[in-house]
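S.K.: Read off the chains here:
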Amino acid sequence: MRNFFWIFSFSIFVFYPFQTPSFAAERAVSSISFQERAGYGFLIPDLDGSYLVAVVNSNGIDEGIPATGRARPLSLCQKDSYEQAEDEEDFDDIPMGEMEGDFIRDPFESINRVFFYFNDKLYFWILKPVATGYKKVTPDQFRVCVRNFFSNLTMPIRAVNCLLQGKFVGVGSELLRFLVNSTAGMLGLMDPAQTALKLEKQDEDFGQTLGVYGLGPGFFINWPFLGPSSVRGTAGLVGDMFVDPKGWIRLDSGEWIIINGFERVNTTSLSIGEYEALKKAALDPYVAIRDAYYQYRQNRIKN
Amino acid sequence: MNKLYLWVGVFFFTCVVCIPIPAMAGEPTEMIRKATDRIIAILTDPSLEGPEKAAERKRLVREAVSDQFNRREMARRTLARHWQKRTEEERKEFIDLYGKLLEQTYLDRVEGYSGEKVFYEGAEVDGKYAVVKAKILTAQATEIAVEYRLKKTSDDWLVYDVSIEGVSLVNNYRNQFNSIIVRSSYKDFIKKLKAKVEKQ
Numbered sequence: 324m325r326n327f328f329w330i331f332s333f334s335i336f337v338f339y340p341f342q343t344p345s346f347a348a349e350r351a352v353s354s355i356s357f358q359e360r361a362g363y364g365f366l367i368p369d370l371d372g373s374y375l376v377a378v379v380n381s382n383g384i385d386e387g388i389p390a391t392g393r394a395r396p397l398s399l400c401q402k403d404s405y406e407q408a409e410d411e412e413d414f415d416d417i418p419m420g421e422m423e424g425d426f427i428r429d430p431f432e433s434i435n436r437v438f439f440y441f442n443d444k445l446y447f448w449i450l451k452p453v454a455t456g457y458k459k460v461t462p463d464q465f466r467v468c469v470r471n472f473f474s475n476l477t478m479p480i481r482a483v484n485c486l487l488q489g490k491f492v493g494v495g496s497e498l499l500r501f502l503v504n505s506t507a508g509m510l511g512l513m514d515p516a517q518t519a520l521k522l523e524k525q526d527e528d529f530g531q532t533l534g535v536y537g538l539g540p541g542f543f544i545n546w547p548f549l550g551p552s553s554v555r556g557t558a559g560l561v562g563d564m565f566v567d568p569k570g571w572i573r574l575d576s577g578e579w580i581i582i583n584g585f586e587r588v589n590t591t592s593l594s595i596g597e598y599e600a601l602k603k604a605a606l607d608p609y610v611a612i613r614d615a616y617y618q619y620r621q622n623r624i625k626n
Numbered sequence: 709m710n711k712l713y714l715w716v717g718v719f720f721f722t723c724v725v726c727i728p729i730p731a732m733a734g735e736p737t738e739m740i741r742k743a744t745d746r747i748i749a750i751l752t753d754p755s756l757e758g759p760e761k762a763a764e765r766k767r768l769v770r771e772a773v774s775d776q777f778n779r780r781e782m783a784r785r786t787l788a789r790h791w792q793k794r795t796e797e798e799r800k801e802f803i804d805l806y807g808k809l810l811e812q813t814y815l816d817r818v819e820g821y822s823g824e825k826v827f828y829e830g831a832e833v834d835g836k837y838a839v840v841k842a843k844i845l846t847a848q849a850t851e852i853a854v855e856y857r858l859k860k861t862s863d864d865w866l867v868y869d870v871s872i873e874g875v876s877l878v879n880n881y882r883n884q885f886n887s888i889i890v891r892s893s894y895k896d897f898i899k900k901l902k903a904k905v906e907k908q
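Read top to bottom, the protein sequences are chains A and B. Sequential numbering from 324 applies to the first sequence in the numbering used here. Sequential numbering from 709 applies to the second sequence in the numbering used here.
In short, the hints are calculated from the structure, not lab data. Please read these numbers as outputs of a predicted model, since none were measured by experiment. Watch out, some of these pointers could steer you wrong.
[Stated by the list, open to error] Derived pair list, reagent style PhoX-like, types lysine-lysine, alpha-carbon separation capped at 20 Å:
| id | chain 1 | residue 1 | chain 2 | residue 2 |
| --- | --- | --- | --- | --- |
| 1 | A | K603 | B | K843 |
| 2 | A | K444 | A | K602 |
| 3 | B | K860 | B | K766 |
| 4 | A | K625 | B | K841 |
| 5 | B | K899 | B | K808 |
| 6 | A | K602 | B | K902 |
| 7 | B | K907 | B | K895 |
| 8 | A | K625 | B | K825 |
| 9 | A | K521 | B | K843 |
| 10 | B | K859 | B | K841 |
| 11 | A | K524 | A | K490 |
| 12 | A | K603 | B | K907 |
| 13 | B | K825 | A | K521 |
| 14 | A | K602 | B | K860 |
| 15 | B | K860 | A | K603 |
| 16 | B | K808 | B | K902 |
| 17 | B | K808 | B | K766 |
| 18 | B | K843 | A | K524 |
| 19 | A | K625 | A | K451 |
| 20 | B | K808 | A | K602 |
| 21 | B | K860 | B | K841 |
| 22 | B | K907 | A | K602 |
| 23 | B | K843 | A | K602 |
| 24 | B | K808 | B | K836 |
Work out the full structure: start from the sequences and follow the hints.
M.R.: If you want it as structure tokens, here you go:
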């Protein structure tokens with residue numbers, strides 16, 4: 324009996340995240356409901372002041388797909404589209420879920436924006452000048468080799484996460500890549516596994532594994548130095564530290580900073596101009612990066 | 709028994725051979741391929757090289773690009789729920805400003821062209837919507853996945869969204885614009901957009 328109790332409570336803990344819609348429907352009784360053009364829905368207040376939105380489209384009932392999502396309170400309470408239903412340019416022809424926002428919650432926006440400013444200055448004042456100088460004194464090919472070397476080292480992260488996601492072909496591919504690139508590829512400086520054998524690198528990490536298991540991103544966190552992340556992404560980074568070979572060697576903090584700093588400068592030297600372009604194209608660079616991070620990660624989890 | 713294997717084999721073989729052909733040679737893919745080839749030809753044209761020809765080059769690229777996009781559709785999807793509250797003049801103004809912003813962004817990026825190769829991986833067509841998938845291979849051997857989203861209007865397939873490594877341009881701008889509009893007002897947002905477009 325006691326065992327049963329433990330299994331029961333454990334399964335609630337595990338499955339709760341998957342069941343938000345049905346829980347939401349229960350809570351909806353005591354919350355705001357609204358009527359839309361061809362359907363109805365509920366707004367369920369959530370802990371952080373945002374609202375969980377459940378919309379049931381009466382046309383959609385036969386397909387049986389209620390739409391759920393999150394929105395800030397304003398976005399739906401203010402809807403006055405009811406009167407404008409005759410608008411010739413209705414959104415009816417647009418596939419469901421494509422229009423109404425898919426975005427990451429950001430309850431700590433003000434702190435995140437401070438760190439965004441900090442990282443921005445870090446890039447323009449330190450990282451970019453150093454990387455530009457480094458780029459001037461080293462050939463492109465050398466920097467690609469350095470990138471390959473570091474990337475080859477982190478094979479265990481990718482292989483373990485392929486395994487955790489049940490991508491067994493990926494595990495084999497990663498192990499084979501490591502074998503080939505560490506030998507024929509001269510300690511991973513070259514990537515003959517990709518160029519000659521067409522073995523693609525499997526970009527999997529623990530954050531994606533958690534996503535595949537059904538964990539949501541939580542909320543947005545913009546770390547100083549590390550940049551955009553989420554609760555899930557941060558948990559992933561911590562998880563990956565255990566299988567990162569760089570963590571297996573005992574390093575004092577000076578050595579750690581030098582190695583990681585060098586890797587960062589090398590990576591930056593290969594992508595100078597990308598951050599600038601993104602910033603230039605954006606009306607609000609912070610929101611642009613937050614959204615790009617979220618969309619990029621969601622896409623990685625799907626693949 | 710052996711014969712059965714043979715037939716199964718033949719069946720799968722024909723499936724593999726036949727299915728990709730209509731998908732690959734689809735109209736939307738051809739449209740994207742043609743436009744991309746035309747732009748690359750302009751960018752690699754030796755008679756258009758050098759900074760003194762930059763204006764001419766930009767003009768030609770702008771011409772080649774602007775026919776391929778459905779600006780109104782892009783604008784509508786970007787403003788999303790704010791679109792319906794706008795008057796026709798406001799919509800026209802927004803389409804114009806947003807088009808300019810996108811144009812600048814695109815022209816800036818394209819100016820940095822350095823021999824990237826484009827591979828087409830086929831298209832998915834669903835009624836009047838289509839997605840064309842492509843891969844860009846950079847000089848540093850990095851692969852970038854690009855998706856063009858198209859909609860058929862009258863007889864043409866026109867692009868209404870581009871997504872790079874899963875990051876959709878329209879979604880990204882929608883979230884930026886929405887956050888500004890919700891926080892202040894549409895008027896304020898247009899002021900900001902105008903300043904941004906005029907600054908460049």
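S.K.: None of the hints should be skipped; say for each whether it holds.
M.R.: These are the hints, each one checked on the structure:
no.	hint	in the structure
1	A:K603 to B:K843	violated (24 Å)
2	A:K444 to A:K602	holds (13 Å)
3	B:K860 to B:K766	violated (27 Å)
4	A:K625 to B:K841	holds (16 Å)
5	B:K899 to B:K808	holds (14 Å)
6	A:K602 to B:K902	holds (17 Å)
7	B:K907 to B:K895	holds (18 Å)
8	A:K625 to B:K825	violated (25 Å)
9	A:K521 to B:K843	holds (15 Å)
10	B:K859 to B:K841	holds (15 Å)
11	A:K524 to A:K490	holds (13 Å)
12	A:K603 to B:K907	holds (11 Å)
13	B:K825 to A:K521	holds (17 Å)
14	A:K602 to B:K860	violated (32 Å)
15	B:K860 to A:K603	violated (31 Å)
16	B:K808 to B:K902	holds (10 Å)
17	B:K808 to B:K766	holds (13 Å)
18	B:K843 to A:K524	holds (15 Å)
19	A:K625 to A:K451	violated (33 Å)
20	B:K808 to A:K602	holds (16 Å)
21	B:K860 to B:K841	holds (17 Å)
22	B:K907 to A:K602	holds (14 Å)
23	B:K843 to A:K602	violated (24 Å)
24	B:K808 to B:K836	violated (27 Å)
Comparing the model with each earlier hint shows violations of hints 1, 3, 8, 14, 15, 19, 23 and 24; every other hint is respected.
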